[in-house]
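Listed below, chain by chain, are the residues.
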Amino acid sequence: SQQGEEDPQALSIQEGENATMNCSYKTSINNLQWYRQNSGRGLVHLILIRSNEREKHSGRLRVTLDTSKKSSSLLITASRAADTASYFCATGAPGDAGGTSYGKLTFGQGTILTVHP
Amino acid sequence: EAQVTQNPRYLITVTGKKLTVTCSQNMNHEYMSWYRQDPGLGLRQIYYSMNVEVTDKGDVPEGYKVSRKEKRNFPLILESPSPNQTSLYFCASRGLAEYNEQFFGPGTRLTVL
Chain Y
360 SQQGEEDPQA LSIQEGENAT MNCSYKTSIN NLQWYRQNSG RGLVHLILIR
410 SNEREKHSGR LRVTLDTSKK SSSLLITASR AADTASYFCA TGAPGDAGGT
460 SYGKLTFGQG TILTVHP
Chain H
572 EAQVTQNPRY LITVTGKKLT VTCSQNMNHE YMSWYRQDPG LGLRQIYYSM
622 NVEVTDKGDV PEGYKVSRKE KRNFPLILES PSPNQTSLYF CASRGLAEYN
672 EQFFGPGTRL TVL
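Protein chains in written order, with the working numbering: chain Y, 360 to 476; chain H, 572 to 684.
Source of the hints: derived by calculation from the structure; they are not laboratory data.
Warning: the hint list may mix true and false statements.
To be verified - Taking lysine-lysine pairs in the DSBU-like style, the calculated list, with each CA pair at most 35 Å apart, reads: (1) Y:Lys385 with H:Lys628; (2) Y:Lys429 with H:Lys589; (3) Y:Lys415 with H:Lys642.
With the hints as extra help, turn the sequences into a complete structure.
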């Protein structure tokens, strides 16, 4: 079953505007990650936020995490046409005693972002 | 350059003809995984491996096999492909430390006729 659910499914904006995508999840997490996928290609890691963090920045990206609401948001500021892609959130499971579950990531269905020049 | 490679990138085959998609990583990662991506369903994990000779089922393992004889390689085997296995497949790897990102291969687009 899908852990993360992104909202909206699709987002269309003009260059220079900000884009906000949301992700909700169901169970406890160790961390939450955001990935980007250009059409039909492999996913590229953007940013990771740990379960004990509330906000993180990387360049034009800002990620927030609210574990009480089991939700996260990704904000892309001053968007560019090159930001056009699908964006996925992925949740990392809490580690078990042997630390063996750290590897598993569960992905949502993604948000398709289109930035018009 | 740190990377995950997959071969082939595109494959068209017929029902029942066994095939193997190779995956290799050069980052000495312990954890490797296969996903399939289908429209409206996102990425779903097929199998994963925590290390050499350690593999386990993901969320959608039916119809697939994997092996992990060497740390760098994690092939995906379809013994008898069926049309419902037509999909875009991704291999991924990561180190086992707690907060590591996952590196993805470029994808293999498989069509089973």
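Status of the hints after comparison with the structure:
Taking the CA atoms of Lys385 of chain Y and Lys628 of chain H, the gap is near 21 Å; set against the 35 Å cutoff, the hint holds. A threshold of 35 Å between alpha carbons decides the hint, and for Lys429 of chain Y with Lys589 of chain H the separation of about 42 Å lies outside it, so the pair is violated. A C-alpha spacing of about 33 Å is found between Lys415 of chain Y and Lys642 of chain H, which places the hinted pair at or below 35 Å, so the restraint holds.
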